[in-house]
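Produce the entire structure from the sequences given, and follow the hints as far as they go.
One-letter residues, chain by chain:
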Amino acid sequence: MATAPATLPRPHSFAQRLRAGDSIAYTITFAASATIILITGLLAYYLWTGSALTRQRFGWNFIFTSTWDPVAGQFGALPFIYGTLVTSFLALLIAVPTGLGAAIFLAELAPRRLSDALTFMIELLAAVPSVIYGLLGIFLLVPLLQSKVVPALQAVFGFLPIFSGTFHGVSLFSAGLVLAIMIVPFIISVSREILLAVPNDQREAALALGATKWESTWKVVVPYAMRGILGSVFLALARALGETMAVTMVIGNTPRIQASLLSPGYSIAAVIANEFTEATNDFYLQALVELGLVLFALTVVLNGLARLLILTTGGGVKRR
Amino acid sequence: MTTVTPTMFTPAPPANESKPQEHSEIKIRTEDLSFYYGSFKALHEITLEILERRITALIGPSGCGKSTFLRALNRISETIRNTHIEGRITLDDADILKMDVTALRRRVGMVFQRPNPFPKSIFDNVAYGVRVNGLGDRGSLKEIVERSLHRAALWDEVKDKLHHSALELSGGQQQRLCIARALAIDPEVLLLDEPCSALDPIATAKIEDLLFNLKDQCTIVIVTHNMQQAARVADFTGFFLMGRLIEFDRTEVMFKKPSKKETEDYITGRFG
Amino acid sequence: MTLSFRRRAVNAVMLTLTGLCTVFVAGILFVILGYLAWNGARSLSIDFFTKLPVPIGQTGGGMANAIVGSAKVLLVALLMGVPIGFLGGVYLAEFGQSAFSSVVRYVTDLLNGVPSIVIGIFAYAVVVKQIGFSTLAGGFALGIMMIPIALRTTEEFLRAVPVSLREGSMALGASKTRTIFAIVIPAAKSGILSGLMLNLARVAGETAPLLFTSFGSPYWSYGWLQPTATLPVMIYTYAISPYEDWHRQAWAAGFVLLTLVLAVNVAARFAIGRSASHR
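Going down the list, the sequences are from chains A, R and L. Oh and the first sequence: position 120 is 120 in our numbering, straight run, nothing missing. Just remember that our numbering sits 320 ahead of the position in the second sequence, which is counted from 1. Just remember that our numbering sits 592 ahead of the position in the third sequence, which is counted from 1.
Rather than coming from a laboratory, the hints here were simulated on the basis of the structure. All of these numbers come straight from a predicted model, not from anything done at the bench. Please note: incorrect hints may appear among the correct ones.
Listed next, with one range per pair, are the computed distances between beta-carbon atoms [unchecked claim]: (1) A:ALA208 / R:ASP520: 39 to 49 Å; (2) L:GLN689 / R:HIS364: 24 to 34 Å; (3) A:LEU42 / R:HIS364: 50 to 60 Å; (4) A:LEU160 / L:ARG866: 51 to 61 Å.
Subject to a maximum C-alpha distance of 27 Å in a straight line, what follows is the list of computed DSSO-like cross-link-like pairs (lysine-lysine) [unchecked claim]: (5) R:LYS440 / L:LYS781; (6) L:LYS781 / R:LYS481; (7) R:LYS440 / R:LYS526.
Positions of the beta carbon are idealized from the N, C-alpha and C atoms, including for glycine.
Structure below.
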């Protein structure tokens, strides 16, 4: 009982406090908190030791080579890392402007009741399970892209390498789009909170100087909230990187690096999902665990950055 | 600004006292009581004596330490981190800093500035302290609740809805419920921290009446912003300023001819 | 005057665009709901709830085993994750102001950010390697995912309970523990319970950590140590299969899952909103 809860120059005996039950409650709740640290520690420990074989064998080549051949025991994760990064950034490219626009509308323009109602709906969107997005991706988005969107896109931009080649539906492009839809509600709800936390005198000062509504929003309010918005983008990116089901269902699961967004690819999470139960030997399994380790490291870094940015804005996301 | 010497408030009744004053014991005594929030000294060596079955009022501008002083008397101040007490507080000559804190609080009840009924039924609110302290069985619990509500002059208003939520009551009723809740465990001392500041004048009058009636059963210490209230209800009044006790005397002396200039300034400033 | 016109035009165009963004995103919800309802309701039948899956090549059958399997996995997750998260939240709200508690907060955020597939790897290592693919292993994975949210919501709602209630209780001679369990937690009860429902709804749709923990099964799963089918995994396997009839069933399962998840979300959010406006 080194750090006891109460703060008194205490003449109380341990027995007295024990009778009151305080130290029991303290110990139990402390133990629960310690368990969380223990679990997270074990998780990191397992990912590290569980991939010792492949880490020793391949070193950094694991990340920088692109041959993934389980039969030959050759494991280079570059195609998966490439697919993960491309789809995630594509998702950000679409989701950040859209999400920020919607957040501006909800925080600055819409009347409070309308804003609350729309935010409610958008937050429901965030509750839709990822496998449902995958389902709609396969049966709604991919056919739509194949029949309408991509032919039009290629007619105009077909000369660009990123829109070249034949399109089979499942692709990096499809995965990026699905991811964009999945992270956009998240960007909106966090950014809206942060925009709402911007003090009103900032807006009034700008408007008083003759700025239009848009100018006051874009040149004063948004820069004021920039760190927090950036934080929400990092959090969204962390989600996109680790997203598994929806991506697995529409990305095409082909471990190749191709310039065209319209070609099939693969992501880290998808390869783990697909091959984990098929990993026939320990070495193969360790390679997959190492992929988990890469994913874990990426999300730890991004979450840390986001936390730093959002917490220091003071625009409380946690404390409503 | 000097601290008051203990001799000033020995309870010798003045000769010109019209009503004969029966003998009264010292209930609570503080000696050189200082209180710190972290390194900030909020109370400076307060020495005073509170008499049994009297109403003692503590007045002063906000931030003067009167509430801090009150909250030290049942050690509820300890729930705030980084605070500590220096000096001595005794209850019936026993040092309260050495007492079991729950036993102390059973004897020294408290009513807070804003009514704080628990989100439970009226009955459960009043019964809470009894249950917590393991006093009274099922049968006597009902009696205790009824008697406490009577003592708090609330019984007639709530007797038909004892099992309704306490949050349905009006502000004044809630505050009397909190008084009933405190009375249910028969405290020897009742501390009231600006109990009427959130109430309208009618509800305030009811509470003041109530205090008069409670006076012969327990010792009452009331912190108030409102000097008229102190003048109306209190036998003794203490004036706090910037963490110091400036003056402490019989209420009529305090309000008619205070001996310290600060007291006079404060009182006349407020009255004028 | 032209400058002013340009500025006003930019203003109007940009503001309209932000409105369009909002309508577009909110519209996605209706597309999802509409498309699922249309395809799902058409495919739904009594058989879906009462029958086992049929072998490949046959049509018909249902997902009764997956519905029960999901419920069992969630029960294990609840029993494992919620007590730890809840007690941890009590610690942070009522006892925690030390350096240790900021470590707990940080680690909890970190755990919350770990991709679900990585949680699956961990559950595989800890549980599956010992006892095999099982309901228990799936529940363990989802349970870990429930901990951070359970902790955060508990802490948040406990902190929202006014200090005056704590003081009122302590002033009556109640110990700190008694105060926490008799006054503070009951006062925060509806919020904590709503948070719990949201938490359950969130993990109910999780698929990735179940792929190699509870695995899957076309049969009834008895007890807690056998592999079991779950709704999300069924949706996944049926959706990527080449069979028309399986696609039909995937829609039905998706419709059922989404309806449950969204219903719980709407109910819990209204409950939280109501209790917040009562304060």
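Here is how each hint holds up against the structure:
1. Between ALA208 of chain A and ASP520 of chain R the beta carbon distance is about 41 Å. The supplied range of 39 to 49 Å therefore holds.
2. Between GLN689 of chain L and HIS364 of chain R the C-beta distance comes to about 28 Å, which sits within the given range of 24 to 34 Å.
3. Separated by about 54 Å at the C-beta atoms, LEU42 of chain A and HIS364 of chain R satisfy the suggested range of 50 to 60 Å.
4. Distance hint for LEU160 of chain A and ARG866 of chain L: a CB-CB separation of about 53 Å, consistent with the stated range 51 to 61 Å.
5. Simply put, LYS440 of chain R and LYS781 of chain L have alpha-carbon atoms about 12 Å apart, close enough for the 27 Å limit, and the pair holds.
6. A C-alpha spacing of about 23 Å is found between LYS781 of chain L and LYS481 of chain R, which places the hinted pair at or below 27 Å, so the restraint holds.
7. The suggested pairing of LYS440 of chain R with LYS526 of chain R holds, with an alpha-carbon distance near 24 Å, which does not exceed 27 Å.
In the structure shown, no violation is registered for any of the earlier numbered hints.
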